[in-house]
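Asker: From first to last, the protein sequence lines are chains C and Z.
The first sequence lines up with residues 1 to 189 when you count with this note's numbering.
The second sequence lines up with residues 1001 to 1189 when you count with this note's numbering.
No lab work stands behind these hints: they were computed from the structure.
You may find that some hints are simply not true.
[Stated by the list, open to error] Here are the simulated DSSO-like cross-link-like pairs (lysine-lysine), alpha carbons at most 27 Å apart as the crow flies:
| no. | chain 1 | residue 1 | chain 2 | residue 2 |
| --- | --- | --- | --- | --- |
| 1 | Z | Lys1143 | C | Lys21 |
| 2 | Z | Lys1186 | C | Lys139 |
| 3 | C | Lys186 | Z | Lys1134 |
| 4 | Z | Lys1049 | Z | Lys1021 |
| 5 | Z | Lys1007 | Z | Lys1033 |
| 6 | C | Lys177 | Z | Lys1135 |
| 7 | C | Lys21 | C | Lys169 |
| 8 | Z | Lys1021 | C | Lys49 |
| 9 | Z | Lys1177 | C | Lys186 |
| 10 | C | Lys143 | Z | Lys1007 |
| 11 | C | Lys134 | Z | Lys1169 |
| 12 | Z | Lys1143 | C | Lys186 |
| 13 | C | Lys135 | C | Lys120 |
| 14 | Z | Lys1033 | C | Lys186 |
| 15 | C | Lys21 | Z | Lys1049 |
| 16 | C | Lys177 | Z | Lys1134 |
2 protein chains.
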Amino acid sequence: MRPESRKQEIINAAAILFKEKGYSAVTMRDLAKAMGIKAASLYNHIQSKQEILSTIIIGLAEEFTVGMNKIVNSDENTIQKLENIIDLHIDVTLRNADGLASLNNDWMHLEEDNLQYFEKMRQEYEDNFRDIVKKGLEKGEIKPYNVEIMVFSTLSTLRTLYLWYPEQKEIDSDILKRDMISVLLKGVA
Amino acid sequence: MRPESRKQEIINAAAILFKEKGYSAVTMRDLAKAMGIKAASLYNHIQSKQEILSTIIIGLAEEFTVGMNKIVNSDENTIQKLENIIDLHIDVTLRNADGLASLNNDWMHLEEDNLQYFEKMRQEYEDNFRDIVKKGLEKGEIKPYNVEIMVFSTLSTLRTLYLWYPEQKEIDSDILKRDMISVLLKGVA
Chain C
1 MRPESRKQEI INAAAILFKE KGYSAVTMRD LAKAMGIKAA SLYNHIQSKQ EILSTIIIGL
61 AEEFTVGMNK IVNSDENTIQ KLENIIDLHI DVTLRNADGL ASLNNDWMHL EEDNLQYFEK
121 MRQEYEDNFR DIVKKGLEKG EIKPYNVEIM VFSTLSTLRT LYLWYPEQKE IDSDILKRDM
181 ISVLLKGVA
Chain Z
1001 MRPESRKQEI INAAAILFKE KGYSAVTMRD LAKAMGIKAA SLYNHIQSKQ EILSTIIIGL
1061 AEEFTVGMNK IVNSDENTIQ KLENIIDLHI DVTLRNADGL ASLNNDWMHL EEDNLQYFEK
1121 MRQEYEDNFR DIVKKGLEKG EIKPYNVEIM VFSTLSTLRT LYLWYPEQKE IDSDILKRDM
1181 ISVLLKGVA
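Please model the entire structure based on the sequences and the hints provided.
Answerer: As structure tokens, then:
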């Protein structure tokens, strides 16, 4: 196996353990045991538990940042932009639900520079979301409700998708995208 | 101060500590210190940390159960029932956001009988919610989207309200009810 694949395999196994027990409770020994290898050989691929955590979380946060920047800077209308944000969250959830558990539960365990970098990206993401909603209101492309309530109602659902969707064996990802966009943007009534 | 008020005061102080540090990390000594009293005098009012946790969580779960049962058994149409569920969550959040943090984060620390009782109430609550949505679909009172997606989209927002709303100093509770009902049921588009 190529070193890069081995590293990815370690990161994936760690994400599952972090999700189950929380970052703080997981040791490198636990990780080695879960992978059926010796703890010492983990260090051929990664330097520390912290390196694993930051690889998981910063990678995901950058993915959201790149995706959101594309959406914000596009020429589409507000509803299309909101649809694209929902798609982005669903795509990331489908690819890496375990990693999203680390991002949501363990981001505060990032160390100094990575913690600041993460918090900056998260803030910019929310600010971009809020700007899309505000501009949509100004242009009359969405209904005149309170901006914070609209942002919270949408983000709270998208941010917990990683907990719920992996249990839904009967919902195809195409149905998920179609119906979630409808429910979140057009409502059930 | 009457014994009942003192007990309630202890429970309220504990809910704040549980929210900040998590149930497991809080000791009776921490609680006494936060209240400026001796640890021994806590035991004049309550028997254990577990008694406090179960009083908080079972009390809230019973409140949701009673509220949901009224809604399910009413003669109102589906949209009105969903509006009443949103109102119920907002009312409970306004009254006891700190307690909801315990319910969401620390329910798994309930002991045997209370844990089973809580899980039973939570399951019945979700089943009742699902039934309202299913019957609404059959009657054509809501749009024909996937039931689980509709239930998740609504509940995920209502269940995280306790984290978000206490920070929103500029949103009056009347606006919250009005706009959240509109956003969740009618959408922003």
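Asker: State the violated hints by number, sorted upward, taking the hints as numbered earlier in the document.
Answerer: 1, 10 and 14
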